[in-house]
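A.B. asks: What follows is each chain in one-letter form.
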Amino acid sequence: DVKVTQSSRYLVKRTGEKVFLECVQDMDHENMFWYRQDPGLGLRLIYFSYDVKMKEKGDIPEGYSVSREKKERFSLILESASTNQTSMYLCASSLPQHNRPEFGNGTRLTVT
Amino acid sequence: KQEVTQIPAALSVPEGENLVLNCSFTDSAIYNLQWFRQDPGKGLTSLLLIQSSQREQTSGRLNASLDKSSGRSTLYIAASQPGDSATYLCVCLYGQNFVFGPGTRLSVLP
Chain A
2 DVKVTQSSRY LVKRTGEKVF LECVQDMDHE NMFWYRQDPG LGLRLIYFSY
52 DVKMKEKGDI PEGYSVSREK KERFSLILES ASTNQTSMYL CASSLPQHNR
102 PEFGNGTRLT VT
Chain B
34 KQEVTQIPAA LSVPEGENLV LNCSFTDSAI YNLQWFRQDP GKGLTSLLLI
84 QSSQREQTSG RLNASLDKSS GRSTLYIAAS QPGDSATYLC VCLYGQNFVF
134 GPGTRLSVLP
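From first to last, the protein sequence lines stand for chains A and B.
Each residue of the first sequence is one higher than the last, beginning at 2 in the numbering used here.
Each residue of the second sequence is one higher than the last, beginning at 34 in the numbering used here.
The following block holds chain B by itself, in its conformation from the complex (with noise of 0.2 angstroms):
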């Protein structure tokens, strides 16, 4: 079974910290790999994708990488901010197929 998690599921930091958000998935069959980042009431918002060929993608003070090998992502997210505060979701994409994780609630503090 294709299954996505995430870890943490939360995180508190102050304002001006480096952070890494952790995606691992079971499946290393991915077409790509997405970042989404949600906030509260809202849809999800694009962050970066990164096709399975691909070992990063960098938008920004944000830069994913992805190791097919050992079936893992991370989002790492540069001199964080107070709007930096959301969901962030990694989804894998099978195919025609997407597996979400459960997302990691981020919180940084002015």
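Isolated chain A, as found in the complex (with noise of 0.2 angstroms):
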């Protein structure tokens, strides 16, 4: 019964690296979504994106990128990692008619 799949649940990282974090959709839907959660602030979003090769700033998008090549992919760039990028990233997917987000098991980012 898979959904939303995270490529990595747990992932380290040393300062300055690139880093992608892959996010895939098997429920065809159109918006994807790229969140990160921390203690004490939440769930805040990134980047999302309503259709192929489009995309939106989200609340934080400083030092983040996205890429949506296909409908079922949406890929969460780290251009320069930095310790302040350590955190849980979650992605999610809905269909705008139902606006209900499914999402995915969440990748646990380190930073060194």
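Be aware that a few hints might be false.
Claimed, not checked - Here are the computed lysine-lysine pairs in the BS3-like style, where the Cα-Cα straight-line distance is at most 30 angstroms:
#1 B:Lys101 - A:Lys54
#2 B:Lys34 - A:Lys54
#3 A:Lys54 - A:Lys71
#4 B:Lys34 - A:Lys58
Derived by calculation from the structure, the hints in this document are not laboratory data.
Put the two chains together into one complex, using the hints given.
C.D. replies: This is the structure:
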């Protein structure tokens, strides 16, 4: 019953590395989202996409970029990882008309 | 600004108790309101979704209510079990935008 899959559960990277977080959904959803979750701050929207090759900045896009070349895949890119990007990253997808998001299991990223 | 708050931030109860989690939102023009459960280090699992035209939804021991006029939703858990221990998140759906509450961390003690 796979729905939203994030490629890595745990990831450890060094400062300055380029990091790719991958998210794939098998529900033919138009909308896809990337959030980060930090203690005391809750979930914050980084980027979202309403269609292939479309992207919109969320509340905290600085230091991140995204790619959506295919409908089912939404990638989050950390161009040059920094220690303040250590966090839990959650991907979600939804249909526009239903507005019911489905979440992946998250990727715990540690930048040392 | 659309904001969602949840009270209490944390709750610890003995097994078997009935309990209520509260969610408040500032913008009543919601499309849907959804309750999620999150286990430590995991993603979000949907529990109940209430559409704006509905007053409540039930699933097993869970009941969620929605009062748009007062900007409030409650999640009622009956006969709590240790397996209910998790963080519960309230999410308001506005069009294409989701606004998350900070969550209530629930511990059910055996």
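A.B. asks: When you check the alpha-carbon spacing of A:Lys54 and A:Lys71, does it fall within 30 angstroms?
C.D. replies: 8 angstroms, holds
A.B. asks: Would the hint linking B:Lys34 and A:Lys58 be met if the CA-CA limit is 30 angstroms?
C.D. replies: 17 angstroms, holds
A.B. asks: Quickly compare the C-alpha distance for B:Lys34 and A:Lys54 to 30 angstroms and report which way the hint goes.
C.D. replies: 29 angstroms, holds
A.B. asks: Would the pair B:Lys101 and A:Lys54 pass a check requiring their Cα atoms to be no farther apart than 30 angstroms?
C.D. replies: 36 angstroms, violated
Of the numbered hints stated above, the single one contradicted by the structure is hint 1.
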